[in-house]
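Visitor: For chain A, the structure is supplied; the task is to place chain B on it using the hints.
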Amino acid sequence: MITKQETEHIAKLARLGLTKKEIGEFQKELSVILDYFEKLKKADISNVKAFSQSVLLENVMREDEAKKQDLEIVDRLIKAAPDREKRYVKVKSVL
Amino acid sequence: MNLTNLTINQAHQGLIKKQFSANELARGYLDKIKKKDKEICAFLTVTEELALSQAKKIDDLIAKGKEISVLAGIPLAIKDNILVDGVKSTAGSKILQDYIAPYDATVIKKLKQEKVLILGKTNLDEFAMGSSCENSAFKLTKNPCDLSCVPGGSSGGSAAAVASDECICALGSDTGGSIRQPACFCGVVGLKPTYGVVSRYGLIAFASSLDQIGPITKTIEDCQIVFDAIKGKDLLDSTSVENPKIQNTEYKIQNLKIGVPKEYFIKGMDTEVEKVIKSAIKKYEKLGAKIIEISLPHTEYALACYYMISTSEASANLARYDGIRYGYSEAKSEKRKAKNLLDVYLQTREQGFGSEVKRRIMLGTYALSAGYYDAYYKRSQKVRTLIQKDFENAFKRVDVIFCPVSPTPAFKIAEKIADPLKMYLSDIFTISVNLAGLPALSLPVGKVGNLPIGLQIIGKPFDEDKILQTGLIFENLCQK
Chain A
1266 MITKQETEHI AKLARLGLTK KEIGEFQKEL SVILDYFEKL KKADISNVKA FSQSVLLENV
1326 MREDEAKKQD LEIVDRLIKA APDREKRYVK VKSVL
Chain B
4 MNLTNLTINQ AHQGLIKKQF SANELARGYL DKIKKKDKEI CAFLTVTEEL ALSQAKKIDD
64 LIAKGKEISV LAGIPLAIKD NILVDGVKST AGSKILQDYI APYDATVIKK LKQEKVLILG
124 KTNLDEFAMG SSCENSAFKL TKNPCDLSCV PGGSSGGSAA AVASDECICA LGSDTGGSIR
184 QPACFCGVVG LKPTYGVVSR YGLIAFASSL DQIGPITKTI EDCQIVFDAI KGKDLLDSTS
244 VENPKIQNTE YKIQNLKIGV PKEYFIKGMD TEVEKVIKSA IKKYEKLGAK IIEISLPHTE
304 YALACYYMIS TSEASANLAR YDGIRYGYSE AKSEKRKAKN LLDVYLQTRE QGFGSEVKRR
364 IMLGTYALSA GYYDAYYKRS QKVRTLIQKD FENAFKRVDV IFCPVSPTPA FKIAEKIADP
424 LKMYLSDIFT ISVNLAGLPA LSLPVGKVGN LPIGLQIIGK PFDEDKILQT GLIFENLCQK
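For the record, the sequence lines run as chains A and B. For what it's worth, the numbering used here labels the leading residue of the first sequence as 1266, then goes sequentially. For what it's worth, the numbering used here labels the leading residue of the second sequence as 4, then goes sequentially.
With the rest of the complex left out, here is chain A (with noise of 0.2 Å):
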């Protein structure tokens, strides 16, 4: 069982609002799911390397390039921003 500090604390790790509802909501769901996935430690790992792809087996390298774009699509995107001023995005204070 995952207690309410938890449950607020993860909250805050996901930058997610909640309301008093959802945390006390959450914190019960989330034990009944935890609870189902311990399930997990039965499972053999030992030898056992983590997975980390389907099919391709090596790394994908490119170059960091910088691609010009059409100034079309720069507008259409800065367009996207909720809050802008001209053509910059706008981000409340950090503090």
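These are calculated hints, taken from the structure and not from any lab test. Careful, some of the hints might be misleading.
Unchecked claim - In silico EDC-like pairs for lysine to aspartate or glutamate, Cα to Cα no more than 20 Å straight-line:
(1) A/K1344 with B/D101
(2) A/K1344 with B/E478
(3) B/K21 with B/E70
(4) B/K392 with B/D402
(5) B/K255 with B/E478
(6) B/K340 with A/E1350
(7) B/K97 with A/E1350
(8) A/K1293 with B/D422
Guide: Showing chain B alone in chain A's frame:
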């Protein structure tokens, strides 16, 4: 002539023989959507203008006597987590309710090159998280076979649209069964390709090591056509791979070895479903295929392993919805007056995400948090290796694996929504395939009452053609 019950090839023949125009075909489906979709609620957006302008181009080509591809003019529906340039793409979430896609997903680019008609965007569980479409922020899609039942999920809108003849075929995405289970519930064909065979560029990410785009169609032939059009390596998705040419020796059913995993026929499975599946397997046996009992011993861990990994990846992928760059935002809300950046994050995500998405972000954040990472996430990745090895071992003895898609037929609306774990358990037969990155087909092979039952045909990596050929045998048998 009824234009809304055609296969791709039938529609293509009609177009090139000038029995009907692309415009008539498009209007036929748009009218059908107008009438039928009030009841089914499969579509979130109908792109009438786009479809008609595409149709005009095809009619011009045909008038000029130009050759057109088999997919040209074919009316298609697209799951709303796949981006279509200039069209709203919500992923079923309030947080993207007004989001207009600024570019085409690679699969859409490919389909547009083939000149398909895009009819619209279909409903889904929010961010593809769900097994019933009930987690959509916008609509409750109904199962065309029984309106009191769910269409399955998360690609429930796509499956329902195909099943109710509101389109010829559709695209879905499959992270843990999201193409196969709704295809099964609605009685249509669904293919989840091998991980990496279809580019995910422009698919709104849920769990990146599991997500895969694939077709939902009325027939195997249609499924093959759409699959061939969308597959292939893409520089914009570094996990995409070229489908290696598999030496396809002449396909003979007498040489086919079918594995049936004993762990998939267990207590708790609907006995009627079991009967239908077993009778389908019998039909293959009668045709000369060899049926071999196999074991996938780590099956019991698959569900927990899947939900640990998928929620972990989701918690990271969904961090991008911050109320700053795009989508719903509380930054300028008069009501809540965010004071600083943290307030914007917390309030935007509180208001923008639905409860299942929040639940999964919470689970994933927990699994990745300090102190639990080894016990949950890392352990799950090791169990995932074991599950993949199970399949590897099985495929040393058999060519394909047969099992049910779902332990039950479509369930009633609201039956499972209050119990998240019960809902998760409805994915029990489909998730292992995603964990192992394999291709799998959902094929309707019978009914219990009005409700269709799907056989799942699982193949080795890149063996899409073989599982489709195997499915075709049953389809041909039914048409005789």
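Visitor: Could you check the structure against the hints above and give me the numbers of any it violates, in ascending order?
Guide: Hints 2 and 7 not satisfied by this model.
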